[in-house]
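If you read the sequences in order, they're chains V and Y.
Mapping of the first sequence onto the numbering used here: position 44 corresponds to residue 44, and the numbering continues sequentially without gaps.
Mapping of the second sequence onto the numbering used here: position 315 corresponds to residue 315, and the numbering continues sequentially without gaps.
Hints were generated in silico from the structure; no laboratory data involved.
Glycine included, every Cβ here is placed at the ideal spot set by N, Cα and C.
Check each hint, because a few of them may be wrong.
Reference excerpt, derived from the structure (chain Y facing chain V, CB under 8 Å, subset only) [claimed, not checked]: (1) Arg-21; (2) Glu-203; (3) Trp-205; (4) Arg-244; (5) Arg-246; (6) Arg-252; (7) Leu-253; (8) Asp-256; (9) Ala-260; (10) Tyr-263; (11) Ala-264; (12) Gly-265; (13) Thr-269; (14) Arg-270.
Subject to a maximum C-alpha distance of 30 Å in a straight line, what follows is the list of computed DSBU-like cross-link-like pairs (lysine-lysine) [said to hold, decoys possible]: (15) Lys-367/V with Lys-395/V; (16) Lys-367/V with Lys-429/V; (17) Lys-395/V with Lys-318/Y; (18) Lys-367/V with Lys-318/Y; (19) Lys-259/Y with Lys-367/V.
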Amino acid sequence: MSDPQADQGALAVEMRGIVKRFPGVVANNGVDFDLRAGEVHALLGENGAGKSTLMNVLAGLYRPDAGEVRLLGKPAEFRSPRDAIAAGLGMVHQHFALVPTQTVTENILLGLHQPRFRLDAGRYDDEIADLAGRHGLAVDPRARIWQLSVGEQQRVEILKMLYRGARILILDEPTAVLAPQEAADLFRTLRSMVADGASVVFISHKLGEVTQIADRVTVMRRGMVTAAGVPIAGTTTSGLARLMVGREILETIDRTSFAPGPVVLAMRDVEADGDRGLPALRGISLDVRTGEILGVAGVAGNGQSELAQVLTGLRRCSRGSVTVSGVEIGNRTPRDAIIQHVAHVPEDRTGVGTAPNLSVADNLIMKIYREAPVSTRWSIDMGAVRRFANRLREKYSIAAPSVDTQARLLSGGNLQRLILAREIASEPKLMVAVQPTRGLDVGAIGTVHRLLLDQRAAGAATILLSEDIDEVLALADRVAVMYEGRVVGLFDAADADVAEIGLLMTGGGASTAVVPVVVPGVA
Amino acid sequence: MTTTSPVRLPARGSRLPWSLRLERRLAVPRWLPVATTAGAIIVALAISGLILWIAGGDPVAIFVHIIGSSFGSLGVLSDTLVKATPLILTGLACALAFRMRLWNIGAEGQFLMGAWGASAVVLIPIVPAGTPSIVTIPLMMVAAMAAGAVYGAIPGFLKAVRGVNEIIVTLMLNYVALFWLSYWVFGPWSEGGFQLSRPFPPEAWLPRLSDAAGAVPDFAGLTVHLGLAFGLVAAVIIRFFIFRSRRGYEIRLIGDSPKAARYAGIDVTRNTIVVFAISGALAGLAGMSEVAGVVHRLQQAISPGYGFTAIIVAYIAKLHPYGVIVASIAFGALILAGREIQPSGIPAMIQGIILFSLIASEVFLRYQIRLERREA
Chain V
1 MSDPQADQGA LAVEMRGIVK RFPGVVANNG VDFDLRAGEV HALLGENGAG
51 KSTLMNVLAG LYRPDAGEVR LLGKPAEFRS PRDAIAAGLG MVHQHFALVP
101 TQTVTENILL GLHQPRFRLD AGRYDDEIAD LAGRHGLAVD PRARIWQLSV
151 GEQQRVEILK MLYRGARILI LDEPTAVLAP QEAADLFRTL RSMVADGASV
201 VFISHKLGEV TQIADRVTVM RRGMVTAAGV PIAGTTTSGL ARLMVGREIL
251 ETIDRTSFAP GPVVLAMRDV EADGDRGLPA LRGISLDVRT GEILGVAGVA
301 GNGQSELAQV LTGLRRCSRG SVTVSGVEIG NRTPRDAIIQ HVAHVPEDRT
351 GVGTAPNLSV ADNLIMKIYR EAPVSTRWSI DMGAVRRFAN RLREKYSIAA
401 PSVDTQARLL SGGNLQRLIL AREIASEPKL MVAVQPTRGL DVGAIGTVHR
451 LLLDQRAAGA ATILLSEDID EVLALADRVA VMYEGRVVGL FDAADADVAE
501 IGLLMTGGGA STAVVPVVVP GVA
Chain Y
1 MTTTSPVRLP ARGSRLPWSL RLERRLAVPR WLPVATTAGA IIVALAISGL
51 ILWIAGGDPV AIFVHIIGSS FGSLGVLSDT LVKATPLILT GLACALAFRM
101 RLWNIGAEGQ FLMGAWGASA VVLIPIVPAG TPSIVTIPLM MVAAMAAGAV
151 YGAIPGFLKA VRGVNEIIVT LMLNYVALFW LSYWVFGPWS EGGFQLSRPF
201 PPEAWLPRLS DAAGAVPDFA GLTVHLGLAF GLVAAVIIRF FIFRSRRGYE
251 IRLIGDSPKA ARYAGIDVTR NTIVVFAISG ALAGLAGMSE VAGVVHRLQQ
301 AISPGYGFTA IIVAYIAKLH PYGVIVASIA FGALILAGRE IQPSGIPAMI
351 QGIILFSLIA SEVFLRYQIR LERREA
């Protein structure tokens with residue numbers, strides 16, 4: 001480190017010349033990285049830049065092929081994450097390592113030496129509730145993991161590390177699953193930890209939040225560092241973006257004017273229960289027209305997932321009706337929704353949106369395998385499948401060695417291209433897109449946005465459920481705000497006020513009063 | 001939280017100068033599954049050999065003897081294929097169900113029900129004695145497959161509709177089938193109080209190679225029967241079914257990710273029942289092939305556990321229909337060798353060790369193993 005600020009804080013972590021190879025890829029090519037005690041250090045880069053790999057090396061998950069890691073000045077060699085956590089270094093991964101059928105408390109205690117035999121659940125529940133309260137990580141210690149939203153599950157992961165006494169916390173794209181309000185809470189948590197002398201590595205590819213939370217930033221591109229430990233004060237968003245992708249990003253989105261046609265999706269007083277058997281949707285009425293994108297904003301866990309599932313036949317509704325072009329699809333099967341050309345970009349790309357061990361080709365035909373020319377009455381024409389898959393692979397730039405590659409080997413951005421390619425190929429009348437850009441890099445986000453706007457121009461009705469307000473406002477023609485299973489506000493995107501939406505999303509002024517939802521009369 | 005936390009380097013109990021470390025594999029090369037399977041079998045034979053050697057045997061001589069007594073001449077090769085025949089069909093039954101992650105442990109019971117169904121055609125009798133083979137045999141096949149399918153559909157239905165664990169149900173139903181068979185051979189179909197039925201009329205016998213000895217003298221005494229053809233044809237059909245049919249696609253999708261399958265509009269409930277029924281039908285056909293091709297009557301001891309060995313066969317074959325054929329022949333050879341080698345438990349031991357080695361070898365497919373020197 002040449003800059004004089006280096007002396008101001010002791011180095012909590014020092015990584016020198018880290019090299020990590022995977023078959024066919026050099027994920028880290030001589031990477032240096034410093035983390036000072038008491039700072040938030042952002043690690044910025046596109047998907048596949050090597051950020052996660054570098055941090056997995058630090059957290060003991062991978063052994064580097066070359067290079068040295070020093071912790072508080074002493075050489076450190078972690079053989080497993082357990083060694084790392086014993087040294088006070090904990091990582092929260094993008095994909096959580098939680099046991100779905102166990103409670104929050106059980107997950108946090110899992111692998112610890114205490115309690116030895118008898119689990120005094122009550123005591124630990126209280127202890128964890130207390131720890132969670134102190135850090136502003138609201139989660140019910142008695143809830144089972146499968147009942148929690150992704151955002152809540154992340155809080156459990158952070159709690160797990162805090163409970164183990166982590167002083168160096170590595171967060172791999174933590175805000176990818178958070179709503180703005182939740183992200184702000186997380187930032188407060190991080191700030192208080194840092195003030196207490198802990199250190200945080202914050203992996204991200206969102207420029208805005210990096211400038212907001214980080215003290216310094218290291219930028220990576222293609223396995224190498226393009227900016228090392230730069231104080232955030234001396235950077236600009238566009239400068240960082242250039243370092244990250246090697247090109248200027250278009251921050252504005254071109255869109256055609258809003259010309260909605262007839263109503264495609266009509267929901268009337270829809271009620272549905274969540275996985276926990278509690279009401280998740282409490283009387284939703286919404287219309288979406290052709291050529292319109294309806295953005296649904298809300299904090300994770302306020303019914304958005306259930307809304308998408310009801311629209312796509314994956315969840316039963318207890319009341320109300322859902323029609324697409326006048327045909328009832330509520331309380332029918334997913335197949336009925338597909339027949340009505342309801343496309344679905346699901347929240348969970350790897351668990352729901354794709355079959356990870358099947359090939360790209362098999363994944364691309366998921367929605368059309370029953371139709372000619374891909375299939376006849378009984379059999380599937382492999383030649384037609386390959387032609388179809390190759391056509392989509394070309395058209396949507398899905399980076400895979402071939403259409404026979406297993407889907408699980410694709411990066412997040414390519415997986416999402418695959419899903420969008422498949423859904424768009426099914427000629428949607430209604431597109432249900434849930435968190436379509438979550439965890440994607442800037443380039444892939446641009447692609448997803450363009451594809452959604454193309455669909456809008458082509459006359460599809462789109463319902464976009466996203467926790468990223470900026471994304472909703474950039475893409476949507478109208479914005480509905482969900483809170484506790486209700487639509488608490490409905491705006492034209494042009495007139496929408498971010499502050500007001502943020503307030504509604506967090507229950508400000510609307511938690512008790514049900515806002516009467518006016519069936520919109522746009523145009 | 002304390003303000004400082006000491007850097008604690010791992011100090012484990014191990015004194016070895018190196019340690020093993022597993023890293024998840026990103027991609028599995030095409031040759032690797034074949035290589036690990038072959039490696040596992042070699043290791044298994046080495047371990048078996050060691051045990052034989054400790055027990056005072058000469059492992060090389062024993063293996064040579066096993067090969068000799070299973071493949072050494074046309075006659076024993078034919079006997080090996082006869083043993084392989086029911087394994088191919090039951091192995092396919094398991095491989096198909098396992099593809100959808102339906103753990104059908106009940107191929108044995110479905111096999112017995114198939115044998116019973118086929119026997120019913122000539123023992124009730126459904127067709128009068130003297131009906132030509134061309135009618136009797138297809139009828140027996142249909143009856144066997146129907147009996148197996150219904151018997152397989154029971155756990156399928158319970159699993160699909162009520163969420164009942166199929167392993168427990170199929171395992172228990174094996175015993176029900178065994179007692180069902182016992183009732184018929186001890187009671188209504190007993191011949192003179194013995195626990196076996198009267199022999200089937202010749203028109204209910206599957207043709208054997210030796211039947212053609214008049215034309216081809218070399219075929220004399222060869223016991224290979226038409227059931228082998230059933231197995232081979234079934235393997236081709238099942239391969240097509242899994243990899244080229246619409247329902248096969250659905251099965252593969254459900255097997256990999258039930259959530260993705262539901263998302264794709266696939267009826268998982270219906271497929272569960274259908275696949276269980278097809279699986280049962282294949283095992284049932286194996287039962288028919290055994291009573292009509294080998295035993296020529298219904299009796300209690302018609303299976304030395306084909307339906308259970310089928311689980312291992314399907315596993316070794318990595319659930320591929322053609323792999324099932326190869327694995328079945330290998331296991332047929334081991335079963336046959338059991339007659340030759342004393343104690344006859346030795347081939348069973350080898351089977352067991354092969355299975356364990358194969359399961360252990362899975363780790364090589366999922367992880368890369370690195371050997372690391374420990375720093376002093």
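Each hint tested on the structure:
Of the supplied interface hints, the one on Arg-21/Y holds, with its beta-carbon coming within about 7 Å of a beta-carbon of chain V, less than 8 Å. For Glu-203/Y, the interface hint is violated, since its Cβ never comes within 8 Å of a Cβ in chain V; the closest pair sits about 34 Å apart. Interface restraint check: Trp-205/Y against chain V, minimum CB-CB distance 34 Å, threshold 8 Å, status violated. Below 8 Å, beta-carbon pairs count as interface contacts, and Arg-244/Y has one with chain V at about 5 Å; its hint therefore holds.
Interface restraint check for Arg-246/Y: the shortest CB-CB distance to chain V comes to about 5 Å, inside 8 Å, so the restraint holds. A distance limit of 8 Å between C-beta atoms decides the matter here; for Arg-252/Y the minimum to chain V is near 6 Å, and the interface restraint holds. Here the hint on Leu-253/Y is kept, as its CB sits about 5 Å from the closest CB of chain V, short of 8 Å. The beta carbon of Asp-256/Y comes within 4 Å of a beta carbon in chain V, closer than 8 Å, and the hint placing it at the interface holds.
Because the smallest distance between the Cβ of Ala-260/Y and any Cβ of chain V comes to about 5 Å, under 8 Å, the interface hint for this residue holds. Of the supplied interface hints, the one on Tyr-263/Y holds, with its beta-carbon coming within about 5 Å of a beta-carbon of chain V, less than 8 Å. Interface restraint check for Ala-264/Y: the shortest CB-CB distance to chain V comes to about 4 Å, inside 8 Å, so the restraint holds. With a least beta-carbon distance of about 4 Å to chain V, the hint placing Gly-265/Y at the interface is held under the 8 Å criterion.
At about 10 Å, the closest approach between the beta carbon of Thr-269/Y and any beta carbon in chain V exceeds 8 Å, and the interface hint on this residue is violated. This hint is violated: Arg-270/Y has a C-beta 11 Å from the nearest C-beta of chain V, more than the 8 Å allowed. As the CA atoms of Lys-367/V and Lys-395/V are separated by approximately 18 Å, the hinted pair is consistent with the 30 Å bound. The suggested pairing of Lys-367/V with Lys-429/V holds, with an alpha-carbon distance near 14 Å, which does not exceed 30 Å.
Distance check on the hinted pair: Lys-395/V and Lys-318/Y sit about 35 Å apart at the alpha-carbon level, beyond 30 Å; violated. Between Lys-367/V and Lys-318/Y the CA atoms are separated by roughly 28 Å; this keeps the pair inside 30 Å, and the hint holds. A distance of roughly 14 Å separates the Cα atoms of Lys-259/Y and Lys-367/V; the hinted pair therefore holds under the 30 Å criterion.
In summary, the numbered hints that this structure violates are 2, 3, 13, 14 and 17.
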